[in-house]
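Sequence order for the protein chains is A and B. Going by our numbering, the residue at position 2 of the first sequence is 8; the numbering climbs one at a time, nothing skipped. Going by our numbering, the residue at position 234 of the second sequence is 266; the numbering climbs one at a time, nothing skipped.
These are calculated hints, taken from the structure and not from any lab test. Treat the hints loosely; a few may be bogus.
Taking lysine-lysine and the BS3-like style, the derived pairs with C-alpha atoms no more than 25 Å apart in a straight line are [said to hold, decoys possible]: (1) K98(A) <-> K730(B); (2) K777(B) <-> K708(B); (3) K98(A) <-> K48(B); (4) K98(A) <-> K46(B); (5) K777(B) <-> K704(B); (6) K541(B) <-> K560(B); (7) K560(B) <-> K48(B); (8) K773(B) <-> K320(B).
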Amino acid sequence: MKPVEVSFTVNHRLVRLTSLPNRSLLDILRQDLRLEGAKDSCGGEGECGACTVIMNGRVVNSCLVLAGQLDGCTILTIEGLSRGDDLHPIQKAFIEAGAVQCGYCTPGAILSAKALLDQVPYPSREQIREALSGNLCRCTGYVKMIEAVEMAAREINRSSAINTESQNE
Amino acid sequence: MSRSSATIIGGSEKRKDAFRKVRGEAVYAADLPFPNLFHAKVVRSPHLSARIMNISAEKAREVMGVKAVLTSADIPGSKTFGTLVQDQSVLADDVVRMAGDPVVLVVAESERASQQAASLVEVVYQPLEPVLDPLSALQPDSPLVHSGGNLVTRYDVQTGDPEQGFREADVILEETFYTPRVSPGYMELENSTAQWNAEQNSITVWVSSQHPFEDQRQIAMVLGLGIEKVQVISAAVGGAFGGREDSSIAILAALGAYRTRGTVRLVNNRSESFLAHPKRHPARIHLKVGAKKDGRLVALHGVVHLDTGAYASYGPAVGGLLTEVVPGSYCIPHVRVETHVVYTNNPFAGAMRGFGSPQAHFAIESMMDILGDRLGIDPIEIRRRNILQVGDRVFTGVPVDQTASSLPICLDLAREAVSRFENIQPSPGKVNGVGLALAVQTMGYGAHIADDSTHRLEWLPDGRVRIFLGAPDLGQGLAIAAEQITAEVLGLPVEQVEAVNVDTWLAPKGGTTCASRMTYLTGNALIKAADQLKLQLIEEAALIMNIPPDQVSYNHGMIQIPNGRNIPVIEFTSRLADSGQQLVSQATASFPYPPEITPQHLPPGMPHVMFCFGAQVVRVEVDPELGIVDVKDVVAIHDVGKVINQHGVEGQIEGGVMMGIGYALYEEMIQKTDSKWVDSFTEYLLPTCEDVPLNLEKVILENPETSGPFGAKGIGEITLVPTAPAIANAVFRATRRRVTKLPIKMEDLLFE
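Next comes chain B alone, as it looks inside the complex (with noise of 0.2 Å):
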């Protein structure tokens, strides 16, 4: 919807939450107080893959102030739990399938007794063969990390014929392509209080989540509670990126709460955040790409294997994502795509900003290089010759519409970074390489899934409107951008307007923060929730003053009637209050998943309709003889539609460069022994203040997304995904190395 008379929308609104955080007082769950909080703490696996032979708690139960140990057995409910695939075990029962998979939870009237117990409790394991490579887990002899087999799902989606467009093609290009588990190294680590409360027989559960009615839902589940019994409520987040989209921790913190009849509290620590959480997919792309001479690119054949570790999480839907994205921004009539989902004894992988899209760039945007290179055509020429227009297809048949003209423009405006990036003078002793990368990033959930969005507007008696988001600002900011459009519509002051945080018996259902799809559903929600509460507010106006609605009009919070008289708001709201009514307007939003433009053969959550476009350019310099990678300059071009909040797009932007800079060049979660990882900051090197680009431009397009909310769409995610592949095409062209492996490694740019 576009509204050209805008005047809050854009600007850098000041975000309410930043005058408690700047203070130190903004309320993680885990800062709220309770009299008699009880702690607890998980006793883990140490093993990659083992039978459990014997649980012994009885030295863990002598421990003074220890209130429960608790096993599968006394779980009362579902023992299992996972949102696509219930294949995670609350506690384990009889195996264990990674380092770090929950067995026991120790509930204590200290955090130093929960610990000491945890550490007396004894478990007998039996250690099986793990596998460890998802291309082992795949053959026939592999031990089974789950009895229905490794392969969690498989995707082979096809369009035109690839064996006819490589039999066209005058050069055929192989390469295979390896990305890192990363963590998304959240500042918060994973925590949730829960309090039993006795006189209704329910259970209250603080959370720090991406989706408080999915930790309802499945806390119902496994306490075997109706779901009206369940409260979830969203304290602030400290950073998401799609690693909140587990219930773990808010399912043993409930599981101690009922157990024990009290308040229970369970915070990770950092080695348990990376054992225990979702991390980016580890991928293995091999990609076959045919090109006419001129570069013109008429086939794709991308075999992708994703290691999702131990359990499914969100791999199933990564995939999908991934496999869709596989041939990037480029329009190609040959294309087939086999994705396998995959189990292994590591590490967990599941949701993590970008969603498969970080992976199958590395791959198609350093094969445009590869490609470009083998013809003698520039990086931008290549890239040029094959991007999507407006009205072309992206290989699952979804048409791209006019936002699709972006990438020319992001095209052009990479062209005049590069040129100005390769006259900048390198440090003495130093080599320059400029790079660039193109990406897409897809919106919401995908097809055939239901990506409703619903928040509620209520006209409160002194004024003020209060925003009933359904679902949580993670810090990125969704709070400003809701107050801002809702204040925006009504014509009321930012500071009019609140945001008030998820609690699940009070709000309605907004589905999960994650998929960019934030922005742009709860705008549009909230500016048809608007819209109703302005004509409710017109109907009540004329009733209480006796005269038709259609002589009353509203503006910028005043009731205007015919003698040219305006009346506060605030006159009829509290004459409202007095006779016990308040104005409240409830809206839905989706995505358009129209029949026409969503393909019916495809898997659910494939394929997904809308687009998001951006490109990025590196200058690095590289120390020749230590191969040391610095990333000098940044210019990050990306299509938000419309701005609502700049700050907010600049941060978003800011910091998925930075993200991005981190899975170039430091981040991997490795395994150091047997079933010893890298599970701490120490060795798990996030990028720092020193790290950031002297000079990093942020370029904002604002080509409008009609369906979107004053034009605006998803920025949330795509800002990583260039950078990783743009850093490895600059890498390429300091060293004439190709690095096919990230993160990209000292030793990669030294040895031959």
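So that you can see chain A by itself, here it is in the shape it has in the complex (with noise of 0.2 Å):
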């Protein structure tokens, strides 16, 4: 097999690396560019979402994307959410909900509800519980996560309500 030769950003920067084409995203996150909030957990199967990434802003199992995959592609981890020591609101709100206990799971399940609330500001329950369904928790049992991201999205979008009163005047 020969190695390819991909461009992509991640977080907002561009990478242009040489890799076999069937080595992992996640691999290719934790090992070259040292990115380690992406997690396996279930090895390479696409189970547990722990390895959670947006891609294009779509929801990826970075376990299951391929370097031959990434030319050109956009790349969302968890690191590149907040700026500096400032949160995202989903961050802020799984620590207010108290979401967040081994952590292990936790940057894929932001990532998942970041893409949820990305295309859908107002989620209902059962919106919410689909779009964190792909990340397994065995800790909290889910029902703060849950909770954290309809507060996150209260959040989001009283200050988009704020941000766009401004604009108007």
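From these two lone chains plus the hints, build me the complex, please.
The structure is reproduced here in structure tokens:
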């Protein structure tokens, strides 16, 4: 197998690298780019969601995305979600709601929530449950995660309403 | 200890690690960066039982980048390990006893090379006849898993005269219950990184573990090193649930580092985690109960077989705790429980959240409903007539104190929930069923086993206080509970108090994070340590100011002196630091095992003397055509003594209920064919977000445990214990099908 050269953006930065085409995005993130918020839990089967990242606006299991598919793609990982110490509203809500225990599934769950709220600003509880259903968590029982996503949605809508108002003025 | 003015206790203080965790910055052991890191891979047995005839490693050694291919012969010290029974081979030498047994350890410069080399190791096996059923394993002609026989432990504990009790009974019922082999299923796979320190001839091992000090002991034993040469450091832990009370991964990583004199990382894949790490014991529980017509239980005889698989692990202790709780929360005058912990060639079982209690409760709590139905007494009433009262003795002879007064309260609250749920209209085409179960869970290791837990406080020069925990936070929130308790006693904001991870070269010995013991023991130890720390501060402050200590007092981070002046603590801690001093205080807590409440005739680990109580009510909807069970409503009622952290307690309940739903409906690690097991999340179904009941109510009772920190006791385990029997009881109400084997399957509800 011949290595391929791919260029794509990760967290708004352009990345160019040469890789065997069958290496997973998860390995590239963790090993080459040292972005270790994405985790492996199921062993690269796409079952657990611990490696979730957002690719071209959609949630993917990075363990199932191969290097050969990356050219021209836009990737957002958990490391790209906050600006400095300023947390994204979903991150804040996960802390506020007490939705974090061991934390291993947390980055993936937050990114699933982000992809949902980008598409559906006012999700129903059913939509939240569906959006997080690919992120296995053994500690929290998911209840506070669902509450956190609802909390974040309220906060995002509130601040975007304020922004719209101030623009109108 | 009760401090009624507590202000930090009971709130939802934010855990400090959450900020790192939501940013993906929490460092688990496999995230630690090292230069020149080697990667290890284990070659494992594909057989249930086999003799190793030959191991050929030449081809593996030829792979570029391979540093070592290690077998049992390369182990410098003990070739076996195990906490209770030293029966696990670090690397198998003559036989393998289960699929997944480690045989060869390959260390290479890259993961790819280690995997490639591992695939080239040639092991010649001569398959042997396996034994997979614990009852067969006890037959005289059974193949032996270990040369000493297949019976690991047998308990036979009795009170009263069960034969006489059954003669007095108006009704006698018998039933056999079965529970599955389930995985702790934590998200972070087992892993460890070990580094050889050439200049010190020592080794540092980073672990994801519940018991770093036990890892240290076993690594030293296997490497033949003095214990002082082994440093074990706990990284962030990605969940544990009992499954991380096993040192195998840390030992293998350490062996790799020792032999290559390098830094070696070993990470299990999910299949290895399923096969070669502890699971919950499958149980066969035969119950015979005798009762009077009015429902009062007079006798119980339980015969239990626990399948511990190829290794004992914590099986003997699980069997002990299970034995103690077979009668559940009920006072029965004549009881006999016989428990057998048995070796088989199945994937091994060990500690898992609840530690025998979930199995026992599925049996007794199903049986209570069966008995009530037989006598025409409703499920609440049959329980009310039998629950333990304050001062009653459980059948091991231990009296239950006033905490048992929460049992009737649990039942009252359950009654209210049952009638509310029974009035809910089921969805179209579905049938409703409402069920409940009570639960009791013990705390601590049990009598005659050292249950001490030591923790240390240091007042830093900058005025902050550091907690050196003696046992790791597994993600459940031990650190924030410890920080809140310390901050409360010292009158400091929580931000000024910081708990740090366990490093066996720095931390005091806190024992294992398990057995619903940590909040109680850590809290009590830290209260003592904080009180001592205040006294030390007062003495040092008096000395510095040259006034008598009795004229100095401490309040909320301030030293107060007679003229009314308040001086911030930092004035003294920094002054002390200038002269090379620091205020340090360490304290130990244990459980009250006084001889008068601890029967002496029982084996070590028995009995337990402290109990947690709770009840859960469940409404299910069953699709009568498809047999699908949906858990719609849950009320979880739990007495925690005193809430230390509200979110922490709620999180334990929510996570426990979901684990209980998995145990009831989805999870089972079954044998597929021969040596192939369900060993992935594709086939082993963990509950997902969509399985969360739409209504999960938490009712948290605070009936103070007078010996606990601010009245608190354990909550980590009991939350999953009543869930499965409550679901089984609800399914019976919906379908009139009594399922006696978990998990409840669709076909159980469809076919006669």
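Taking the hints in turn, this is what the structure says about them:
1. K98(A) <-> K730(B): 24 Å, holds
2. K777(B) <-> K708(B): It holds: about 21 Å lies between the C-alpha atoms, which stays within 25 Å.
3. K98(A) <-> K48(B): The given pair, whose Cα atoms are some 13 Å apart, holds under the 25 Å limit.
4. K98(A) <-> K46(B): 11 Å, holds
5. K777(B) <-> K704(B): 17 Å, holds
6. K541(B) <-> K560(B): 16 Å, holds
7. K560(B) <-> K48(B): Holds. K560(B) to K48(B) sits at ~23 Å (cutoff 25 Å).
8. K773(B) <-> K320(B): Given pair K773(B), K320(B) holds - Cα atoms ~17 Å apart, limit 25 Å.
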